[in-house]
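Sequences listed follow chains A and B, in order. Numbering-wise (my numbering), the first sequence opens with residue 13 and increments by one. Numbering-wise (my numbering), the second sequence opens with residue 9 and increments by one.
One should not assume that every hint holds.
Unchecked claim - Computed list of lysine-lysine pairs in DSBU-like fashion (alpha-carbon distance at most 35 Å, straight line):
id, chain 1, residue 1, chain 2, residue 2
1, B, Lys175, B, Lys250
2, B, Lys412, B, Lys255
3, B, Lys555, A, Lys70
4, B, Lys125, B, Lys255
5, B, Lys22, B, Lys255
6, B, Lys169, B, Lys125
7, B, Lys521, B, Lys413
8, B, Lys412, B, Lys339
9, B, Lys250, B, Lys125
10, B, Lys250, B, Lys496
11, A, Lys108, B, Lys125
12, A, Lys132, B, Lys496
13, B, Lys555, A, Lys50
14, A, Lys132, B, Lys555
15, B, Lys555, A, Lys108
16, B, Lys334, A, Lys50
17, A, Lys50, A, Lys75
18, B, Lys125, B, Lys175
19, B, Lys170, B, Lys339
Honestly, the hints are just simulated from the structure, not real lab data.
Read off the chains here:
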Amino acid sequence: MNRLEELWLTVSVGILVIFMFIIGYQTFALGMGPPSHKETIDPQQVDQIEPFDEPGLKMLGDKQYEVVMILQAFAFTPSHIEIPIGSEVEFTMTSKDVTHGFQIPGTNINAMVMPGHIQKISHTFNEPGEYLVVCNEYCGIGHQAMSTTITVK
Amino acid sequence: MIKNSVALNKLDSKLVMAHMYVAFISLFIGGLMGLLQTLVRSGTLVLPFGISYYQLLTVHGVILALVLTTFFIIGFQFALMSKTVGMSDKQRDSAWFGFWIMLFGTVTTAITILLGKANVLYTFYAPLKAYPTFYIGLALVVVGSWIGCFTNFRQLYVWKKKHPGEKSPLLAFMVVINMLLWFIATLGVAATVIIQLIPWSLGMVDTVNVLVSRTLFWYFGHPLVYFWLLPAYMAWYAIIPKIIGGKIFSDSLARLAFVLFLMFSIPVGFHHQLTEPGIDPVWKFIQVVLTFMVIIPSLLTAFSMFATFEVTGRSKGYTGLFGWLKGLPWKDVRFFAPMVGMITFIPAGTGGIINASNQMNQVVHNTIWVTGHFHLTVGTTVILTFFGISYWLIPSLTGRKLTKKINTLGMIQTIVWAFGMSIMSGSMHIAGLLGAPRRSSYSTYGGSEQATEWIGYQIAQAIGGSILFIGIILMVYIFFYMVFAAPKGQEEFPIAEVSEDAEPTPKFLENWKLWIGITVALILFAYTIPFLDIIHHSPPGSPGFDKIIR
Ligand code: HEM
Ligand SMILES: [Cu+2]
Ligand SMILES: [Cu+2]
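Only chain A is shown next, with the shape it has when bound in the complex (with noise of 0.2 Å):
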């Protein structure tokens, strides 16, 4: 090899190698890592399982809250939630029929709710505002109504 190009490649690679400590950093050390819940369900049975046969908002604690939502076509049950500002919310959930998407655009909130699966993602927030939640996972001939609002006071 020539000398520029063994340059070349010793600096870009150095970066990349210093971007993926910096990720694996965030992801195991703060806990940053993208959402990856492995708890399972009967897709078909969801009604009848705990805690999808009670979906709704729960207060845990001060300022904490446990959202148990069913995504299913073309609706996010329960919908249209309010929660105190600077509350921290975890979010569980699962598809009782395709595949969708929870998605709270302006925050990093984006996680896939799939049938089978139990999937959990929390969030924080700290600012008063209706926040708009979308599904971003093409799930029928309805995905684009498929929307609801969380709002913060």
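Starting from the structure of chain A, add chain B with the ligands where the hints point.
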């Protein structure tokens, strides 16, 4: 060395041209769908006759990402093989057989989509359920392409037998690498389609394992994009140097890059599944690291290309830090179109690194940013290189000339494409960062303020899309002009020679057993444990859903 003056014999030309007809007709249909999509998404157009947006999108994805690319690539590769290692009558027969199977499969799938029974998009994620002929047609396309693979393998094998001890021609080596990559990758999608989806859509089994199906799909889905990219790299490495009046910078570097693509483009599919439940985060991360490895051969390629350009420019007497740029034939569309594609790969590749960056993926996953990304990679870098190839390949096969007029029109086409794409892809990137989802028909999301912000970018996409559609019309016109109307003559089939300064190619670069062995080992390393884990922790299967897509 290879003779450059004569194009292919008549029979081989006919075979290649058959693939090209399918490719360019697909380009037209797919482009029209693309235009309509942008119009619907911007709220300017409501589709008549109850046609669904998702039907258009399924046609667009299948016909451009699967049909256009596969037919163009296999046709182009047959031209390269015929030129460099030759094609026997028997090999040509099997190539035709593969072609007809692929075409039959394409038509079967297309009819199913047009009847509205397969609005499942080109990724056909279960448990959305299409009518069985959709999957059967796709399986036939894959099987037909396998016949192409084995024909190419056989061609090189026979050549090697006749030329003991010689290194294989560079382009033939590259074609075989790409077809190996394709064969190994399509085993995954064939497995989910044939073992899981066809029996399930026929009603022979009740349920399907969704995560297994997605994992097999994405085992195929990432190498798929390298199957598109490598033919463009073939043209960059081995054809463009000839067009600009230079030589190949280094034969061994080119081969090394292709070998690295074979090894690292497959064990990385999880980077498309980063936000999915049920996959171990450690294995997601391992595949992210492997994904970063595949950046290295692209860096090698960038270096080789710019080295070739600089050496060629300087050899023509241009000096200065950037003065050699003037030595390049900017007015030759055979260079200009792929060059614009190459330059596009700089932002396109950067976007790809962002997409693959584990947690950063959450910012853009399934937003229209991703759509913006691959309209730069496949929709510009790859497609403009394919157009650049067509300007000499088509006339050299039809015994016509690339005229000055068509050269100029091609330059205009390239500029129109780059301009339209900058607008469309640029606004897709921005809207995506603001959170606008991909694969979504027009929606105000209940009058939400945020969604109102997206509409402006959707309108910009429609403007870019309309300009792009002009580019499509120009290109389809150029294609048919070169086939039927251009003046008769002989157009060069440009294949570059290796520079005298390049080091000799070491023998181990052609050790196929070694490369296939490492490739398989890496796949087993990256997939065995997480895949067994997925199967082990499988939930009860999902029944099919076909009503919600009609
Ligand atoms: C006239 C030119 C084109 C226009 C106007 C156009 C427009 C679009 C639009 C608006 C979308 C997506 C919309 C959505 O997610 O809802 C899309 C998706 C897509 N386009 Fe294009 N496109 C063009 C050319 C191409 C080309 C040349 C290729 C590839 C060779 C291509 C490949 C794709 C693919 C693979 C998708 C994804 C489909 C999916 O998400 O299911 N497009 N295009
Ligand atoms: Cu949806
Ligand atoms: Cu990928």
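Quick check: which numbered hints come out false for this structure?
-> Violated: hints 4, 6, 7, 9, 12, 16, 18, 19.
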